[in-house]
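J.: Both chains come to you apart, so use the hints to assemble them.
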Amino acid sequence: MNAPLRRVAAACLVLFGLLLVNVNYVQVVKAEDYRKDSRNFRGLLRSYAHERGPIVLAGGGASAVAVDKATPSEQLKFLRTYPGGTAFAHVTGFASLVYGRTGIEQAENDVLSGESDNLFVRRLSDYVTGRKPEGGRVVLTLQQAAQRAALAGLQGKRGAVVALDPRTGAILAMVSTPSFDPARLSSHSEKQIRDYYKRLQNDPADPMLNRAVSQTYPPGSTFKVITSAAALSSGKFTPGTRIPSPTELDLPQTDRNLKNFGGESCGDGKTTTLADALRISCNTAFGQLGMNLGGDALRDQAEKFGLGDDGMRVPLRVARSVFPDELSPPQEAQSAIGQYDVRVTPLQMAMVAAGVANGGSIMTPYLVREVQAPDLSTLSQTRPEVYKRAVSQDVADQLTAMMQQVVANGTARSAQIPGVAVAGKTGTAQHAEGQAPHAWFIAFAPAQDPQVAIAVLVEDGGSAGSEATGGRVAAPIARDVMRAVLGQ
Amino acid sequence: MSAQTIAPGAGAGRRGIELLLIGFAVAIAIVAYAAVGIGQDGRIPTGTIGYGAGLALLFGLAHLVVRRFAPYADPLILPCVAMLNGLGLVMIRRLDLAEAERARQAASALPRADAPLQLIWTAIAVAAFIAVLVVVRDHTRLARYAYTSAAAGLVLLLLPAIPGIGATINGARLWIRVGPMTVQPSEAAKVLLMVFFASYLVSKRDVLSLASRRVAGIDLPRARDLGPILVAWAASLAVLVREKDLGSSLLFFGIFIVMLYVATERTSWLLIGVGLFGLGSFSAYTLFGHVARRVDTWLDPFATASTTGYQLVQGLFGFGTGGISGTGLGKGQPGIVPYAKTDFIMAAIGEELGLIGVMAVLLLFALVVERGLRSGLACRDSFGKLLATGLSFALALQVFVIVGGVTGLIPLTGVTLPWLSYGGSSVVMNWVLIALLLRISDAARRPAPAPVAPEKARAALAEAQTTVVRR
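Chains C and S are the protein sequences, given in the same order. Residue 305 in the working numbering sits at position 305 of the first sequence, and the numbers go up by one each step. Residue 30 in the working numbering sits at position 30 of the second sequence, and the numbers go up by one each step.
Hint data in this document are derived by calculation from the structure and do not stem from the laboratory. Fair warning: this is a prediction, and the values are worked out from it, not measured in the lab. Don't take each hint at face value.
What the hints assert, rightly or not - In silico EDC-like pairs for lysine to aspartate or glutamate, Cα to Cα no more than 16 Å straight-line:
#1 C:K198 to C:D181
#2 C:K77 to S:E101
#3 C:K30 to S:D300
#4 C:K77 to C:E134
#5 C:K77 to S:D41
#6 S:K331 to S:E99
#7 C:K157 to C:D206
As the list claims (entries may be wrong) - With the Cβ distance kept under 7 Å, some of the chain S side facing chain C (calculated, not the full set):
#8 E265
#9 V358
#10 T407
Virtual Cβ for every residue (Gly too), placed ideally from N, Cα, C.
Only chain S is shown next, with the shape it has when bound in the complex (with noise of 0.2 Å):
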């Protein structure tokens, strides 16, 4: 486990690139936000100074924070969620408009505007972002809550299926009601079960790399050491059951067999977790009859383009209009798809920005989750580097999900796409799990303690020995 050693640069953290690149980001996303009112009715929308000025405060916030207590931070990763959430706003208030109009229409009374309560919901997200920077200073300090984020992660995610608090929406009961609003609590049980399994797997890894016996060239874990993956299995499988969320369950599984493999370096335990993945996959497609009809729907979406498929279908129908260049911001019909401000955000990226749009968002998150990796690989402590994994590939499985659902490449679960999809809890929690993934990334580029400055050196090295002691 030799820490990678990353060459500090002129200005080690390279912040003022980061801050160039916000900059940039801001822009293309004022520039975006105009665009959709010049397409819509050939006039700058007035709210884009305010808008943009709203952008620009918020991410430079986040920025001024990273410079003063992460300062080492991977640089291009905040710019990169800068963009993807500033591009989610101007396609949220895109279909605002889309909707108005269609109520227009209908001679129907105006929906609630989404953008400006997604706008709401960003600031709260960079202060849920700077609030995590400024009090987890040291993220292996997070590991001593294991077993409370662990408790506070289960109550999270078992919540909606308590009566009375549960909300069922579009089928799926993922929501509890707070006040007036609906919270998404799996959001938040991701990120805290996420430092529960990195905790107790680092500590656990010597036992759960035990093998019994080897069959065919594998090294089989012992028998009793399977309890705590059958006890994610069950957990994810009780949250399909009793929630019918069956994008939630995927990931939570997923992250688990994952963080499970790292931490042991066992393929053996990759092949149990994806032949218990089969298995569930098999009985759901069998038992329930919401799962077998989504994988129906996936495998001929057109043969219920009226019914089951519409969605799907006329998602593919806005990639397919949208084509290579996209018909322009305000220029397409993305409305038409159901769901568009949320799982469906896509195929209005895809049909307003063409193919151009989709990869470009694409490569910004692959970026994203390679620069998380990364800052793990970096990182000197094992219960950093599997955290780090975690957010990281948690990230690649989230947009793998949804954008592969809406693409038609795998049957449609509903997650949402972070930072571009409306809802409040995803961009909070993502922006959280951005502000520990920062933090990660900043202890493993810090510099190694030099010897120029005696008194900065002693603290470092202390700061590295108690981690040493600890792991």
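Extracted from the complex, chain C is given alone in its bound form (with noise of 0.2 Å):
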């Protein structure tokens, strides 16, 4: 009996080499499949245990956007809330335990958890002293009575706001709406995450899209400050410069004329100044002056404003905005104009007005000031720095004046603030066939010490006919976040 039962011993033997050699097969070769895999929410589940940190506004605790609440629950010992709520959903993003993070809430996720290296002598110190683990916090430059601003001016529109500080490049506004509550996707019951989720994704208006960074529009008459900025850099042209202003532009190539907005005339019908013409916003003008410019040298100083800046990050990603390559002269025309395919995102705008308002240089937008530890010291800051220089100060100085003129007696008078110089300018962007334009306004105040620089966008916000109806629709809008940066 002992020759089988030996072999019975081998056997088990076998049977638990085999067991041996499969859990080294599961945890060692597989685990890094196995614990990254999207169905295994462990991960998640485990950043809930610990103290995430809050995204505050600075100049006081009291006025935190997204911040931790702890509940009496074990495993999900936090509950994410956002004090900021719709106001501030694009800019916080959600965390969300089933469909991850989007916002500060993921580009600043290494603090916010605990996990970036800055933090990581407070990670130490947590380990030896047995002190729950926290994330940081990160503080950011919007401030709250512009944001409130945009929001109220948005409210029921669809379209976005972005104002900045054109000395520093922080961005002090950033709305989008629709907006949608960050709240409701960051909540502890799964079921309730996910049907808000579908609601939102089936909304034609589409919440979740952040308006100001991630998608772009034809920039429409905003763009002739780009147009103009490349006739003054040029040396060839002042801004007392009188350049043909035809009532209909005849297009070379086309049987097709560039018209003014209504059929009106500029001016005489023949010739105006560079200044009158971006005052009320003439397109024949502009597109005259786009063909005599040509496409590389508008491409150039459009580039020089930042347009064809891919991967931008403020922290949050940004779309990249266009102007095309190879123009004929109609495209030319019509590019001049901030028609054709040039796409741009109202971040991007804000960025033209903030570089003519300070000087012709383009700070880098920002969103976060300070990454703070969780006891409140600096652990860093952002320091203001030169994105592109645009144009030269002379040139600066000249479309200030020239934008000024804009909102003091252009289309753009409705975008007035007593006692406050403001420049300005307006567009209406033609983008889908028997589709209501686009209502634009770039703008900046004050004219002689601005420290606001704003692009308001209203989707389909115009009406087709009158150029006047941008500046009707988004002027008064961008007027409010202004006078509420300025404390007026």
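T.: Next comes the structure, spelled out in structure tokens:
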């Protein structure tokens, strides 16, 4: 009986050997795959076990826009709440059990979750002292009042507002509408999260889209600021230079003519000054100017303002704004007035305004002013830096004066603020046959000591046929936000 | 059938070593229990002392009884079992916390905590262990009750199939209701049937070893001797069909075949057994949806990761997340896996204690199995040899079936992981199994009669003679 018994003993060893080999395969070879599988939500759950850092506004602890609240639960010890609500939703993003993270929650996740290298020493001391690990704090550049004014202005519309401090690049307001409630995507109820997410996804207005940075639009007449900058920078033009301004501009190689809004004529229907052309937003004058300057000159100038830059982060990813290549003369004329294939984000247009405001230098835009340790000590601070020099100081001064005229007695009178000189430019961008054009407005104030530069976009907000509608719809929103920033 | 002599050491049974190792096992269990609390909320749980004292008392008592009633028994088996049982209690307690947590989130009523119940079951199990060692002074006497245990075993095995008594839990009908509790009688049936198999096979081994003809170098048994194996096969299939208990069915048949092989030393029985197993498996796969589903899930669990494969996939994720060193006790999410306390307790160990913990557990089992088989080798009588083989192999097969199942090595069949899984019947009967193994081990390692003390020597000789006569 001993011989078969020994064989049974050997067989048992083989069975255990197989198990040992297999667990090594599962826990070593396949471990990485299993750990990272999207259906394995253990990692996500673990991140709920310790306190995630808050996202706050500068100036006071009461202004947290995203903050963890302790719950009596042991597994999900903290619930992410968003006191900033819909006004800050696109900037904060959400931190969801089911759908991961977006916005600052994603861009600054290392800091918020406490896994940043900046927090290494702290983590080490947490480990030694047994203190519960905690995430760092992200301090935003956004201003509560500006943000609220922007949300109020965009109420009931689809659009975006971006306001910058032209001297630093700090983003003072960034709002996109329609918005959503990030708290409902960051709750602990999987069903609630899924239901709400599906509803948002099925909404044709796409509430989760951050229109300020993730979507590009034709800039329409606001692009004339860039065309003017190209003209002035060429040295061949001054604001007083008279340029042709026919009632209809015959576009070569086509049977179509470029007209002004409503078929109006500019000035005497023959020539007008560059400054006047901008003030009344004369399409034929700028179309001709574009053809004279040429596509390359326009593109050079556009790229000096930041178009064509791919991969910009503020730290939210910014979609690439583009000025098209290889233009025929009619396309040059269309592009010069911000139509054809020119596409920009609202942030890009705010940077155009900011560049002019800041004497020709565009500062790199940023949302995160400071990263702090849980004890409020500063870990890192964003230092303002020059992004690009768009135009010379002289050209910037000339453009400022021209844009002041637009607000003072041009298409953007509704942007006037009593006692403050405002410089701006309206736009009404056609984007699809039979649809109302997008209404645009870019501006900065005060003109001689700029503290805020802004771009406002309202989708389908204008009405075809009148250039002034862009100004009527978008300019008042910009005015309110600028007043909020200036404390007026 | 020569008895392998094991040189008795200075302390013969080496009971001191056993006590030391038990102390070590209890210490590890206490530390693990405290670690769960620290991992969960940074505090040493208040129950640590009571829990530690309970384990120390139970296992200490078991040790004292072994020292008194089976002084020559293998000193490694009991500490290994104590370690596994202690760790099992810790994991069940840990999963209790996870369930309570989930209930809190769902704002539903707190579920019953299973760890205290399991501690009570462990106490009952150790009592049963002691009772077996005290009552069964000579394992060979069990052979007298072969047919009684066969009848009892069969009744227990088929009891759940009887309407009104049986209870279906999680799709398998392998429980019976006893008052407020449900008992899994197949655990007891397993041990009883092994006693019967051992006795029956030893008495019939000469007949069963007879060959009728030789085919391809293998001696085939006579057709009329095929009766027993066909009965065992039919019974296994009955369990499978009536109770949908794939695991028990597989275990019974596997144990029977191996004991038959060891008793007869005929490879042909093994081949016939494997053939019948293959036939049974194939028909079960084609005939029964639940068997086919198990196999399909095993082949590609990720294809049905959110339905039938969910448990297996989440278990694999647990193992993967644990990696080599594990998340640490109380720091993983083992509660995600359904039935983590019973069938999938290894996934919880894999997640929180990592590959290291899983391998340690497997090695503990391997140690018990190999020590048990060694006792069988050393045992002087055929019945003891065969019973030790059956008991040890049953343990090995059960561990292989469930651990192989949860790690995706073989199709998943629901059986408990001895001493670790939650379940009263399982823990009690596995302690009884160990008591029998220690009883045989004690007999095997008892020093051969020496002329030192004539009185004792005569007694031992007398015992030895009765054995020889009866066999």
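J.: All hints are to be evaluated individually against the structure, with a verdict given for each.
T.: Now for the hints, and whether the structure bears them out:
1. C:K198 to C:D181: It holds: about 13 Å lies between the C-alpha atoms, which stays within 16 Å.
2. C:K77 to S:E101: Given that 16 Å is the threshold and the Cα spacing comes to 10 Å, the pair holds.
3. C:K30 to S:D300: holds, 15 Å
4. C:K77 to C:E134: holds, 12 Å
5. C:K77 to S:D41: holds, 11 Å
6. S:K331 to S:E99: holds, 14 Å
7. C:K157 to C:D206: holds, 12 Å
8. E265: For E265 (chain S), the interface hint holds, since the closest Cβ of chain C sits about 5 Å away, which is under 7 Å.
9. V358: At about 5 Å, which falls below the 7 Å cut-off, the nearest Cβ of chain C leaves the hint on V358 (chain S) intact, so it holds.
10. T407: holds, 5 Å
Going down the numbered hints, you'll see the structure goes against none, and every one checks out.
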